[in-house]
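With the hints as extra help, turn the sequences into a complete structure.
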Amino acid sequence: MTDHGLEDTTQRKKSKVVEVAERFTFIGLASNLIMYLTDELHEPTSTAAKNVNTWVGVSCVFPIVGAFIADSYLGRFKTIVGMVFLILSVSVIPWHYRKALFFFALYILAVGEGGHKPCVQTFAADQFDQNLPEEKKAKSSFFNWWFFGIMVGATSAIIVVVYMEDHISWVAGFGTLASTLGVSLAIFLLGIKRYKKQGPIGSPYTKVVQVFVAAARKWHVNDTHGVLGVCFGEKLNDVQVEAQPTVAQNLAHTVQFRFLEKATIIDNIDASSESRNPWRLCSLNQVEEVKLVLRLIPIWLSSLMFGVVATNTSTYFTKQGSTMIRSIGPHFQIPAASLQAFVGITIMITVPLYDRVLVPITRKFSGHRSGITLLQRVGIGLCISLLTMVVAALVEAKRVSIAKQYDLVDKYKEIVPMSVWWLLPQYILSGLADMFTFVGLQELFYDQMPESLRSLGAAAYVSVLGVGSFISSAIISIVQAISSSCGEKWLGNNLNRAHLDYFYWVLSGLSALNLCVYVWNAMHYMYKKLEGDGILASK
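Per our numbering, the sequence shown runs over residues 73 to 611.
Think of the hints as simulated: they come from the structure by calculation, not from any bench.
Please note that the accuracy of each hint is not assured.
[Said to hold, decoys possible] Derived pair list, reagent style DMTMM-like, types lysine to aspartate or glutamate, alpha-carbon separation capped at 20 Å:
{"hint": "1", "residue 1": "561", "residue 2": "519"}
{"hint": "2", "residue 1": "601", "residue 2": "482"}
{"hint": "3", "residue 1": "279", "residue 2": "479"}
{"hint": "4", "residue 1": "171", "residue 2": "112"}
{"hint": "5", "residue 1": "279", "residue 2": "342"}
[Said to hold, decoys possible] For each label pair, taking beta carbons as the anchor points, the in silico distance ranges come out as:
{"hint": "6", "residue 1": "430", "residue 2": "111", "range": "35 to 45 Å"}
{"hint": "7", "residue 1": "255", "residue 2": "489", "range": "16 to 26 Å"}
{"hint": "8", "residue 1": "437", "residue 2": "474", "range": "41 to 51 Å"}
Quick caveat, the model's predicted, so the values are computed rather than measured.
Using N, Cα and C, we set each Cβ at its ideal position, and we do this for glycine too.
Next comes the structure, spelled out in structure tokens:
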């Protein structure tokens, strides 16, 4: 390996270490947050679940708002500041100010976390040199192992920090998270001068909007001959077409969204202008880039239900576990939130199996570089996500039946004589769904976005969980309103009398409908194709 290649590998490892520390902090807080809100701040269970979902939603949607100004250094700095406020809110601050300061700190964290998310993964992937065959090949496995590293941090937090919060103090837990962030910032700063850096390329949104504005301005122009085969400077019935700019790789022309190609037509105003106005005239390559973005929108929309289901892992799954037998031996009790570690453990077991066993086997049959296509991978994850809710509904129905059997329906603070390990299948299924869907979406939104819009693609992938969290909060509110008007609330504080299993069945039904929509969208999706390629770019 050359010195240059060795240096790039070192920088990728530093980026991964930093991201593992970030996930350690975020998951360490998010995984047990519902217990703090219900037990320490005395919020109703449904309110606490919505607050967790809203906070996660803001953390994951903020990158969409600020993708083009996101900065890793400032993101980490704000996150550390937020952790300091959290420590103060659970220790020295008087009770009547505690809740306000706690939520203030949470949303500082949301801004800090959201600030770096659109660029960290893209930044690490950009360290690969596409001109070197061995690095190009290694990049195909990058997203699997990137997610593997994230799960190492997340699982460590769930095991260590959650135990500290439950058995030592919340101050100790939050202090550990803040210290970890400080170390990650130091590591990042140590390598800041040696990273490959992409220079400023302007707002990714501007390039997209320019195409729509230019096409709208040329709506009246009748280009009966189309734009294919027309070179810059060639006149065609007093209409000229803007040619491709000189770039390393041009996107192949596609027939979808042809109305956008109006933006490439040179009318009399453009011809008489001394310089090109980007809000009136765009290159065909820029138009094709916008088409790539538009083609991903239906996939993004039909992936949101996955985000809705995923939110339950850190909310209602945890509350379920808190009502069950969690003892191991006479002196040790598993924190309810620690069962989320099995999501990460499942991922850490299956990622190597997927990358080293399943991909080579399926590659022999399909001919695809990744064994199965990205959309197939996401679709498998959506199927498993649906199965997760079905299993969760059945287990919850069993838990409630045991509570009734032992006359515990109105004694919701007592432990139901049912082992918490009954929840293990739904956590394992959640891990499998994450491994297929989240990693698939990561690679899809990186691979299928234009190079100049990859930070936007990373933000879009992260926002699946964010928007899904907002939708989950909305569904909880709707279910609460409808069920309370018809009798007893499905999602009351007393889970033994509530109907959490009905709520899970509602999510199962919505997931099934969403899966049908996703399959239709996937069947009509057109992968990115470069000029001169005979195969799709993702193969």
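Evaluated hints:
1. 561 x 519: violated (45 Å)
2. 601 x 482: violated (61 Å)
3. 279 x 479: violated (64 Å)
4. 171 x 112: Cα-Cα ~10 Å, so holds.
5. 279 x 342: holds (18 Å)
6. 430 x 111: 35 to 45 Å: holds (42 Å)
7. 255 x 489: 16 to 26 Å: violated (43 Å)
8. 437 x 474: 41 to 51 Å: Holds, at about 46 Å.
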